[in-house]
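Number of protein chains: 2
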Amino acid sequence: MSGKIESSRKTLSGAYQVILSVDCVVFGYDENDKELKILLIKNELEEFKGKWSLLGDILQSKETLEEAANRVLQFRTGLEDVYLEEVQTFSKPGRHPLGRVITLAYYSLIKIDDYELNVAKLDLEARWFNIKEIGELAFDHNEILAVCHERLKQRLREQPVGFSLLPRHFTLKQLQNLYETVLEVEFDKRNFRRKLKNMDVLMEKDGIQQDVAHRPAKLYAFDYDKYETLIRKGRHFAI
Amino acid sequence: MSGKIESSRKTLSGAYQVILSVDCVVFGYDENDKELKILLIKNELEEFKGKWSLLGDILQSKETLEEAANRVLQFRTGLEDVYLEEVQTFSKPGRHPLGRVITLAYYSLIKIDDYELNVAKLDLEARWFNIKEIGELAFDHNEILAVCHERLKQRLREQPVGFSLLPRHFTLKQLQNLYETVLEVEFDKRNFRRKLKNMDVLMEKDGIQQDVAHRPAKLYAFDYDKYETLIRKGRHFAI
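Residue numbers (this note's numbering), protein chains in the order written: chain A, 1 to 239; chain B, 1 to 239.
Check the hints yourself; a few may be wrong.
[Stated by the list, open to error] Restricting the straight-line Cα-Cα distance to at most 25 Å, the calculated cross-link-like pairs of lysine to aspartate or glutamate (DMTMM-like) are:
{"id": "1", "chain 1": "A", "residue 1": "Lys10", "chain 2": "B", "residue 2": "Glu67"}
{"id": "2", "chain 1": "B", "residue 1": "Lys92", "chain 2": "A", "residue 2": "Glu63"}
{"id": "3", "chain 1": "B", "residue 1": "Lys111", "chain 2": "B", "residue 2": "Glu31"}
{"id": "4", "chain 1": "B", "residue 1": "Lys233", "chain 2": "A", "residue 2": "Glu136"}
{"id": "5", "chain 1": "B", "residue 1": "Lys153", "chain 2": "A", "residue 2": "Glu228"}
{"id": "6", "chain 1": "B", "residue 1": "Lys10", "chain 2": "A", "residue 2": "Glu184"}
[To be verified] Far from chain B by the CB rule (all over 12 Å, computed), these chain A residues:
{"id": "7", "residue": "Glu67"}
{"id": "8", "residue": "Thr89"}
{"id": "9", "residue": "Lys92"}
{"id": "10", "residue": "Gly94"}
{"id": "11", "residue": "Asp113"}
{"id": "12", "residue": "Phe129"}
{"id": "13", "residue": "Ile208"}
{"id": "14", "residue": "Gln209"}
{"id": "15", "residue": "Lys218"}
{"id": "16", "residue": "Asp225"}
{"id": "17", "residue": "Thr229"}
In short, the hints are calculated from the structure, not lab data. Note that the coordinates shown come from a computational prediction; the quantities given were computed from them, not determined experimentally. We put the beta carbon where it would ideally sit given N, CA and C, even for glycine.
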């Protein structure tokens, strides 16, 4: 870069302008199939004919970027008040074939059972894809997806965000399945359970698993009070 | 929001445009004064007469946002290849008095001794402020500063970024001073040392502290090999 700077300017007239968009990586955990899925829509741009892309839109004049991301998510999924985390901007010149469009990526994590396609409003084809079966996406969306998946893995390892993806009462096997699916690793059963035991953030429930062929397993719930105690002690949630 | 969406658009003509800027929160650790400082420049906008602001500039046509942040930092401090971390966008309509300017905040962390004001090129007054003595800044820069300081605290607690702010060989007292200053907390000396001992990421050096009135303390260095071992074992750096 030239090192030139113009921040001492006293007016904005003539300043370089861009189009700003938001793109949401909507991760859905499918408990039954043990799959991490992504919600994609068919792209309509001539340049990306037949390709799929992330859910996004251009920022409008009276909204913040976060409001724009919420608007997109609500329109496409019918879900309100979904947790959205800002991840990163993507600003390479040339990333959009029609002009300088800079995008801000968010990720969201939902239980796939909670989700219902907002069919009535759908102007574009939309569907869930297993993250292992994603082909070449439109724009730089493969790169955005990869960065957001890394962020999700990090969050899942360091914060108890995964529990919202399970039924309220779950078995340790269900919990391990969730972690293995999202993190794309395999855990030793004994090590995994020891880590959880050491953190002491679960409470055992009275009931046992129903409708299973094998010996029914114990059910657990995440204990927010115990978690608060862990944090107050200066310790961390870490899987 | 209305829930309206236009991502199926096939053209960008008429799309809402904005000015995009970068703002850098440059944190400097001052070992001698035991102070966390911020580099600020005098703002020249009529609306913010006499106020100080973060180092920033408007994105140019041929650069990425990261390149813009590096350009700003290099111009103002003379420092190249400084670690910059993207923190968050700030996009409230009305945050800039002259138009719709959305900014992306970065933070950077440097040893204040390494820094030399790039005086020759300075078009604006610039100086370091103790973070405890920051008044009302221009724009929403107090909010940006607060968000970036939180991010810095989190990083310092979870990753060994602090060691780059100390001399290569340091005493445990120097290390504790650094943590107490940036995190704005006081540590119990024994607990602090026990945490470090448990992580086993320091190596004891042969020399001892020079030129001190009191009994000279042992010197340590951060051991990157030991740190790698810690991480490979699935453990974490955590203060």
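Outcome of the hint check:
The straight-line distance between the Cα atoms of A:Lys10 and B:Glu67 is roughly 23 Å, inside the 25 Å bound, and the hint therefore holds. Taking the CA atoms of B:Lys92 and A:Glu63, the gap is near 7 Å; set against the 25 Å cutoff, the hint holds. A threshold of 25 Å between alpha carbons decides the hint, and for B:Lys111 with B:Glu31 the separation of about 8 Å falls inside it, so the pair holds. At most 25 Å may separate the alpha-carbon atoms for a hinted pair to count; B:Lys233 and A:Glu136 exceed this at roughly 35 Å.
Between B:Lys153 and A:Glu228 the CA atoms are separated by roughly 20 Å; this keeps the pair inside 25 Å, and the hint holds. As the CA atoms of B:Lys10 and A:Glu184 are separated by approximately 36 Å, the hinted pair breaks the 25 Å bound. Non-interface status of A:Glu67 relative to chain B is broken: a Cβ of that chain comes within 12 Å, the nearest being about 6 Å off. Under the 12 Å C-beta cut-off, the non-interface status given to A:Thr89 relative to chain B is violated; the minimum distance is some 5 Å.
The claim that A:Lys92 lies off the interface is violated: its Cβ sits roughly 6 Å from the closest Cβ of chain B, which falls inside the 12 Å cut-off. Some Cβ of chain B comes within 12 Å of the Cβ of A:Gly94; the nearest lies about 10 Å off, and the non-interface call is violated. The Cβ of A:Asp113 lies farther than 12 Å from every Cβ of chain B, with a closest approach of about 23 Å, so its non-interface assignment holds. Every beta carbon of chain B lies more than 12 Å from that of A:Phe129, the smallest distance being close to 18 Å; the non-interface claim holds.
Chain B leaves A:Ile208 outside its interface by the beta-carbon criterion, the shortest separation being 31 Å against a cut-off of 12 Å. The Cβ of A:Gln209 lies farther than 12 Å from every Cβ of chain B, with a closest approach of about 29 Å, so its non-interface assignment holds. Listed as a non-interface residue, A:Lys218 keeps its Cβ farther than 12 Å from every Cβ of chain B; the least gap is roughly 25 Å. At the 12 Å boundary, the C-beta of A:Asp225 stays outside the reach of chain B, the nearest C-beta of that chain being 22 Å off.
Remark: the non-interface label on A:Thr229 is consistent with the geometry, its nearest Cβ contact in chain B lying 17 Å away (cut-off 12 Å).
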